[in-house]
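Each chain, letter by letter, is given below.
There are 2 protein chains.
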Amino acid sequence: MDFTISRFAPLPGHAATGPGSVGLPAGYRAAGIHAGIKRRRRDLGILVSDVPSVSAVFFTTNAAAAAPVLVTRESCDCTALQAVVVNSGNANASTGKTGYADAERMRALAASELALPIENVAVSSTGVIGSPLPMDVIEPGIARCARTLAEDGGEKFAEAIRTTDRSDKQLGLTVATKTGDVHIGFASKGAGMISPKMATTLTFVTTDAAVPAGLWHEMMAMGVRESFNRITVDGQESTNDMVLGFANGASRARVGDVETELLAQALQAGLLALALAVVADGEGATVTVRLRVAGARDAGEAERAGRAVANSPLVKAAVYGRDANWGRVISAAGMTLPQDAAGRFAPDVSYGDVLLLRDGDPVELVPAQAERLEAVLADAELDIALDLHRGDATAAVYFSDLSHDYVRLNAGRRT
Amino acid sequence: MDFTISRFAPLPGHAATGPGSVGLPAGYRAAGIHAGIKRRRRDLGILVSDVPSVSAVFFTTNAAAAAPVLVTRESCDCTALQAVVVNSGNANASTGKTGYADAERMRALAASELALPIENVAVSSTGVIGSPLPMDVIEPGIARCARTLAEDGGEKFAEAIRTTDRSDKQLGLTVATKTGDVHIGFASKGAGMISPKMATTLTFVTTDAAVPAGLWHEMMAMGVRESFNRITVDGQESTNDMVLGFANGASRARVGDVETELLAQALQAGLLALALAVVADGEGATVTVRLRVAGARDAGEAERAGRAVANSPLVKAAVYGRDANWGRVISAAGMTLPQDAAGRFAPDVSYGDVLLLRDGDPVELVPAQAERLEAVLADAELDIALDLHRGDATAAVYFSDLSHDYVRLNAGRRT
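Residue numbers (this note's numbering), protein chains in the order written: chain A, 120 to 534; chain B, 120 to 534.
Just chain A, same shape as in the assembly:
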């Protein structure tokens, strides 16, 4: 599988449709409108399965979780969700009891419009923390939004969930089975506060495959673990993160063991593609880094080292400056490792295919290598490999650089 959504190569047996041309799988309708939370852009969306569906949902682990997260987690049937109502422009986070009541009200209104029990409707928000939801525009907005639900409404829905995203984040995959095609649709929002575990990402997955609830949860959990839980823009876990997947079985295709395996692969590939698109579109990001840590004593050590590098502002600023500053990489990783009296910390570091540090000793580059390094750094995607030489465990972490635009975006105004 390839690295970014733009280069996303469909798996054997799948056909990818590019951003901007993503339909919804069978049995779903969606809508996105401008309710008036933001000045001009779409800011309210509804996604619904017209037939009962199974669902799997993953929330932020932040103790300061927002009201919609609390409401969905505490009083929905999270394995049988059939719809979600989402607003952008306001996170309904740190809004106290009023915020909780507002999230409940959003859900109740959407459920009423959709003629569904409230426990089958999730509610989700993203945007500014600490301001009360403008219910005066949201309440009529929900009714208006429900009236525009359509099979081709996926794009408008995807637009409505975005905040400072610069790029569209949709993907459609088709998995061919002997009894017909099944489809998976993905819509994400990202940008800022992107970190394991999860990101301020809202991601909604729809499939028309028929999958038992337990299996669907397992497939989604594995996909999220290897995608959204592996990315970081700024180490900040949001109050509002949610990844929600529906499977409604409307395709009528029979999903046997082989198809289940293909479906799981496609799901994971799609989630990773979306997660990488979120990194590439991180606030101010100019470079997407794929860091591979190897040679750790155990998976935890590999992951801690990888995340320390991925969240180091010094590493990130150097990447922005197109400086192969491997010293900052090993210094950041070194923060997380024990100081062994026995063995010196003597790692290898490569940028792209250029080895810069071997067993803790800097490699003197010949002119051809130096030239190659220039080319590696000029790309918008950068592979860094760090071998700790301490054991056999590995981890991958994906992150963005730290640019002037990050500071400008986050210092200038509430986002």
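Source of the hints: derived by calculation from the structure; they are not laboratory data. Because the structure is a prediction, the values reported are computed rather than measured. Where hints are given, some of them may not hold.
Partial selection, computed: residues in chain B whose CB lies under 10 Å from chain A [what the hints assert, rightly or not]:
1) Thr217
2) Ala220
3) Asn348
4) Ser357
5) Thr379
Distance windows between CB atoms, simulated [as the list claims (entries may be wrong)]:
6) B:Gly419 <-> A:Gly419: 16 to 26 Å
7) B:Leu484 <-> A:Ala262: 27 to 37 Å
8) B:Leu484 <-> A:Ala497: 45 to 55 Å
9) B:Pro457 <-> A:Ala515: 23 to 33 Å
10) A:Ala497 <-> B:Lys216: 27 to 37 Å
11) A:Ala497 <-> B:Ala499: 31 to 41 Å
12) B:Arg263 <-> A:Asp480: 26 to 36 Å
Chain A stretches covered by chain B per the calculated footprint, using a threshold of three residues with CB under 8 Å from any CB of chain B [to be verified]:
13) 172–182
14) 242–250
15) 269–279
16) 336–349
In this text, a Cβ means the ideal position worked out from N, Cα and C, and glycines have one as well.
Could you slot chain B onto chain A? The hints should help.
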């Protein structure tokens, strides 16, 4: 005790001398020269006690510790150091076996010039990671530097240890005893890679008080814990951090229990003043934040929450933008806290004396409070108080903001 070095108020019985007028305590000489590691500025310094001294030294805990740290830690008598040789402009970090030999050579040359055993001479470096030390200029530099050692050489020494520091970081304190005055001198370098535990800080403390080695270690350890281990600029622990204190007894004053207590207070106050000066001069820093976390279940929880806030790029960028974005504060703290099914996370947050969040509910500000908040944010020093309402433990963390200058300084070139 007051907040920054500029407002540093001497303790009762102490007289502070301001930056730029700091002499050395009795029995010490120092020097700082331009050896040629940097283009123009002083880059090599020696500090020596002319009489045997006791010492206490604290190193980075980074597994990627630099060669001078390893050499000093592994083969010096760290309780009886009498001199230190320091260079700036090159960290001698990640320089492999050559770097280790170079650090040993630096120490051997200095020891020879000072006619001291090598185990009584520390070696220290700060600057770029991963380049070999230019021994061709350092070797003659050490001899030249040793020839200029003088009782009034403290300022030149302080200048020689600085890297991207914008401000002078020296302080002198006098403690009056019945048998005469004792003095403490402090010289620090900071800027960038400033984080608990310790900072890329090099800090050298000299006193002419007579203190037993064990007691001196205890006093220094407590001072460092409450100062340099409480600050962060960017969460990055350096490969080269070192805080080294000498006590040589040359004052001839008798230090009894009362004087020991005063001396410990002065030492701690001085270290905190220097640590805050390092934060204020953090790369690109425009604001120094003093964060007080209260209401944690235990000290560890208080500290984790405080450091998560202090290292949050979103919080830091908001401080830079003079935005009282308490939502980012509780979101960062929330990342470190468990999600309790029992009790909601309902903290208080104040900026200065303005309460913005009470029990998790935003406080609506009356115009006078909003005006007051503007004034609080306009200051170069900001107090943020976060009460987690979970217990009785507290922690203080000091940090700087994230500005365009931070990115410019760290993206533009190797530092």
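Structure-based check of each hint:
no.	hint	verdict
1	Thr217	holds, 8 Å
2	Ala220	violated, 12 Å
3	Asn348	violated, 14 Å
4	Ser357	holds, 7 Å
5	Thr379	violated, 32 Å
6	B:Gly419 <-> A:Gly419: 16 to 26 Å	holds, 19 Å
7	B:Leu484 <-> A:Ala262: 27 to 37 Å	holds, 34 Å
8	B:Leu484 <-> A:Ala497: 45 to 55 Å	holds, 49 Å
9	B:Pro457 <-> A:Ala515: 23 to 33 Å	holds, 27 Å
10	A:Ala497 <-> B:Lys216: 27 to 37 Å	holds, 33 Å
11	A:Ala497 <-> B:Ala499: 31 to 41 Å	holds, 39 Å
12	B:Arg263 <-> A:Asp480: 26 to 36 Å	holds, 30 Å
13	172–182	holds (count 3)
14	242–250	holds (count 4)
15	269–279	violated (count 0)
16	336–349	violated (count 0)
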